[in-house]
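Build out the structure end to end from the sequences listed, making use of the hints.
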Amino acid sequence: MNDTASSVASSGAAPGALPDGDARRKLRRWRAVKDYFARYSVGTFGVSVIIALGLIFVYLFSEVAPMLRPASMSVENRFPAPGGIDTETSYVTVNRHLELAVRYTTDRRVVFFLPESGEVTHEVDLPLPADAEVTAFTFAEPRTEIVAYGLSDGRALVARHEYNERFSPTGRQYRPAVFYPVADGDDPLTVVDAAGRSIAAIGLQRGAGGVSIAAALDDGTLRLVRFEERTSFMTGEVTVRRIVHDLPGLPQGAQATRILLDITGAHMLVGDDRGFLHYFDIRRPERASLVHSKRVIRGQDAEVTALDYLLGTVAIIVGGSDGSVVQFMLVRDDDNVNQITFIREFRSHAAPVTKIKPEYIRKGFATADERGVVQIHYSTSNRTVARERVGDSPLPVIGFAARANALIAVDDSEQFTYASVRNPHPEVSVGALWGPVWYEGRSQPEFVWQSSSATDEFEPKFSMVPLTLGTVKAAFYAMLFAMPLAILGAIYSAYFMSPKMRGLVKPSIEVMEALPTVILGFLAGLWLAPFVEGHLPAVFSILLLMPLFMIVTAYVWTTALAPLVRRLVPPGWEGAILIPVVLVTGWFCVSLSPFIELWFFNGDMRQWLTDVGITYDQRNALVVGMAMGFAVIPTIYSITEDAVFNVPKHLTQGSLALGATPWQTVTKVVLLTASPGIFSAIMIGFGRAVGETMIVLMATGNSPVMNFNIFEGMRTLSANIAVEIGETAVGGTHYRILFLAALVLFVLTFVLNTAAELVRDRLRKRYSSL
Amino acid sequence: MAKRQLATTSRDNPGVKAWFGQGTPWVWLSGGAVAVSMVMVIGLIMLIAVRGLAHFWPAAVIEFDYVARPGDAPVRVIGELSRSETMTAVAMREAGFMVPEDQELVTRHLIKQGNRDVTGRDFVWYLEDGMSEWRYPRDIVQIERLQWGDFFGYLRSYEVDGVVVAQGDDARAQFEEQLAQTSALVTQIGRIERFDIGNVNFRMERIRLRERGLELTVDLDPSRREAITAQLAAERAALEAEHEVLEAQRQALRQEVGRFAVTVETMGGERVTIRLADIVHAWWPNDMSVAAKLVHYAGEFWKFVSGFPREANTEGGILPAIFGTVLMVLIMSVVVTPFGVLAAIYLREYAKQGPLVRTIRISVNNLAGVPSIVFGVFGLGFFVYFVGGSIDQTFFPEALPSPTFGSPAIIWASLTLALLTLPVVIVSTEEGLARIPSAIREGSLALGATKAETLWRTVVPLAAPGMMTGLILAVARAAGEVAPLMLVGVVKLAPNLPMDSNPPFLHLDRAFMHLGFHIFDVGFQSPNVEAGRPLVYATALILVLIIIVLNITAITIRNHLREKYKSESD
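The listed protein sequences correspond, in order, to chains A and B. In this text, residue positions in the first sequence follow my numbering: the first is 1, and each later residue adds one. In this text, residue positions in the second sequence follow my numbering: the first is 1, and each later residue adds one.
Incorrect hints may appear among the rest.
[As the list claims (entries may be wrong)] Using 27 Å as the maximum straight-line C-alpha spacing, the simulated DSSO-like pairs for lysine-lysine come out as follows:
| # | chain 1 | residue 1 | chain 2 | residue 2 |
| --- | --- | --- | --- | --- |
| 1 | A | K668 | A | K506 |
| 2 | B | K352 | B | K451 |
| 3 | A | K500 | B | K564 |
| 4 | B | K451 | B | K564 |
| 5 | A | K506 | B | K564 |
| 6 | A | K668 | A | K649 |
| 7 | A | K506 | A | K765 |
| 8 | B | K293 | B | K112 |
| 9 | A | K34 | B | K451 |
| 10 | B | K492 | B | K112 |
| 11 | B | K303 | B | K293 |
| 12 | A | K765 | B | K352 |
| 13 | B | K451 | A | K26 |
| 14 | A | K668 | A | K765 |
| 15 | B | K492 | B | K303 |
| 16 | A | K765 | A | K649 |
| 17 | A | K668 | B | K17 |
| 18 | B | K564 | A | K649 |
| 19 | A | K649 | A | K500 |
| 20 | A | K34 | B | K352 |
| 21 | A | K506 | A | K649 |
| 22 | B | K303 | B | K112 |
[What the hints assert, rightly or not] A few chain A residues that don't get close to chain B, going by computed Cβ distances all over 10 Å:
| # | residue |
| --- | --- |
| 23 | G299 |
| 24 | M464 |
| 25 | F645 |
| 26 | S675 |
In case anyone wonders, no lab produced these hints; they're calculated from the structure. Just so you know, even glycine gets a beta-carbon here, dropped at the ideal spot from N, CA and C.
In structure tokens, the structure reads:
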């Protein structure tokens, strides 16, 4: 300040030792400006830093929020059927860029059109004979894009459309075409029944082995035609073999209305006109049998009006004339026989269901009814995510776009309604995240976390329960290990320890706190886990013998040795005296370990555990408990020590003066007074254990199991994030669920810490008032 | 103190019951808890230190004859003893060893026998009972190679251009002499590959990006476009010529070093020829004086901290990891210090103290307890995808779809950790500010200084050590943090350092290597965990040392400060 003043004075024109009034005023103003500037810039900085920290919560929430938003469907355009309204639509779908759509008609045409406007771009005539009538129509899994026509002369046509997109500088160009995948030489038609009986219902599927067609002829015969594809090892050439099997018929009087074939070629389901679903085992078609029949509609006079497989051909959706939408699956019973089993029910329509349309790449589907309402459902999460009335007349046909982001509904007067669908996260519901879910291929509802797999038809399983349980499990065992050590140690340090030893212990504990968890995790995974596995008896004998030996040492020391060496070792160094005891006990137990195994566990405790029926993983909760306990000890220790040390001296002195022993004073006075502090220490320690990532990542197998077995691993929320977030699609459901996990961790630890902080704050006030 | 007296006055031999009644055993047990904790901390650090430091010591190579099952012909085994353990015979049989029926306990030794390319197994367990006496032949040579790990064997001959020039002791002398020269050449090749060719490639990529940028600029008149295109083509041609020269130079050097080789006999009697170009270092561990071993030790340690990793990180050095860690922490400090300090000054000196500020203070404090992975997730979503993605769209459209800033990078790692350590700095600075006696502030104000002047000239300098403590603690925490870094910038192997001689010298958009992640990667994701194990311990030791030194510095400063202000306020 002085420098500035003098420099101003020397540069000023006025003579004299002091600056003149003008310069002083200027200087004052300048200083005021600086002060003002400092005040506001510091203020802005401070506030912005605090906002930045708050931003974390806001941002995490903003990434999670889209999952909460409901799906929506909005009608974009209506137009009369492209290719003419004088024929019926059999099938309609839109390509994945929403640029080209296709319509199959009953008068044997395939019409390609622009989905936005309905303008026809291409038309293909199907090579169906003019003298036969189309009596049945079906489609395989949407992603295969194949359909089949059944004819009145016992023949069938399988057709596949291709958009043939090409990239050019001006945009995508299409040259759509129709192929006949099972063409027999030049003849695209395939003979199902040589006798020429009419096909009443037809089923079609394309699996790994090739295309299969199943047909119900008008006299009730069921017939399976398989086109077995074989790829030659040498040339890579594909040869197709056509095999025809006759299948056992339906029960007397039942008329097949719909036939479903699955992609593995093992199952066939036939719906009949009485509301029954019949399951045929066709793994060996020559020995095919009707395994199970079940009425899949509840009302006595209700009928099954729509029936289809979802993606992957495991889940069966049944729509009824009573408007019900129900999911069934084949589930193995106790005798290992597949039974048609009720899984879940979706929101019903008010009118009979006319059509069920599965999505191409997810386990979702749409249903339409006779009053022009379309609903979109999702199987795993048991949600009906959207409901939209697109008209008033029945909707016999609906079609999804390949990415399920648009939908075409066709009404009975052949009016097309093109609607865009925004449905990014149907997989999420409270039930799917936190409740038991009956997943495909499982025999009962379960809690499973399995976010991805190699196959396209995989059903993502997003149950947070195994992860939450794993988190609690890891934290629980860590606390079990850390709490006694940290709290007892803190009481001793604060109350009994000599100041000199305290000066050594406290920095060591602080170093312990600073040790990177990656190092603890690495030691736990690579050193401790194999060690524990090889010396299991040692771990448990240490647990028993350590306190025992300590007490024995204490007894010997205080009763026999103390008079002799008291002068050498002052009071408050009991901990130091015990260090050799700890070392010797540890060494003793480890060397004793093989002998204990020989004496009590037939020579191998691990094997013994397995024989008793306890699963043992090398990287398990015991190891995590120790490693994470190690990481948590300093946190609990410091806060407890602080709380105990600050108990007002007059309380303890009063207690001692009244004749209580030091330990009585500790338990009856100190601990009672400091208990809120200890409680908050435990909470903060727990919070740290819950969020710890590296130790769990490295010291467990990271398998999301659902138990509390100390000899098995776990997968925690935090480790799960670390493992999976790098591999998720940005903005996808999996990505957002991981953000949800992060948000849960954030909120949980924040609440724990805040509660602990408030408790400590109150304790501090109480101490000062005492 | 009175209570301590009481604790041990029980010397007049009371009954066991009375002794328990007084609670003395519980006092001892609580003392035991401290003892256990201390043993754990010190034991852990000792474990890391011993294992980490032992890695560089040229351990003796043992030779013994091994009989796997009675009646078999003995097999000669040479190698380094890795570790030993005693197990029950049952467990051992479970593991597939032949153990006689009457035996109950078995000791086995893990022998590092190297020669991964010859035998396929470089670490093998041997039962003690099948071993003959251990011998320490002086002529066993241990060769560290660029690939396939170490080689153990007996040097038989030394060859130049495929012709044997020397055998026996003579071979050893000539081999050692030539190896020194070859190593220098190999280093030179490495330098050409890493720096010179790397530099050319870097400039080549810049030209590619400029060409792509040119394509993307629509409103450019054709003549100008042509001029730029021609210029870029010329530059590219020049670079290609440069590249060819370097390539020729490299080839010549390679040819030169490829001339020399040695033939070594393995423990199985097989003769293997190793080119000198593939040899990093060779030594005769059983034929070294202590002084020679110390020199070897120092050399190995230096190579470890100054070398680049090889063989999926399980061999070689950790320079990129050390470099990455230090640079990341430096950038983080540059960000976190002003923000943390100013926020603390605001909270303590400017903000009106009331329930709101108290809430903020508690919240900031609690943020320190929020799991680090949460910050990682935030960093990935916000910094990498949102901010980085926007930067790419705006400034680097020519490089798209490959991201420039829109992928994990050192800048995002630093910013994420800055956010993570912000509470540490704020809390510590606030504590420093709170400790300054108000008399000092009031004195300054009373002399007519404005608030800003009081702050910057008296309060802040006095609180500087507190800020220092905060910063050191923040650095220590950041250096050891791994979980968030895995999401926002760390990779297992970064081809380029984030700082080099290519402009703009500091490449904030590059991913980097980190000591902590290196430990995780080598220990858990490497193809050969056993071979990498000593290296992990050594890396862990270096990380622990850095962190302990930082922490002890911080603790010392803080304790010193407390004493100082205690005496001043008295």
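Ascending list of hint numbers which this structure does not respect: When the structure is compared with the hints, none of them turns out to be violated.
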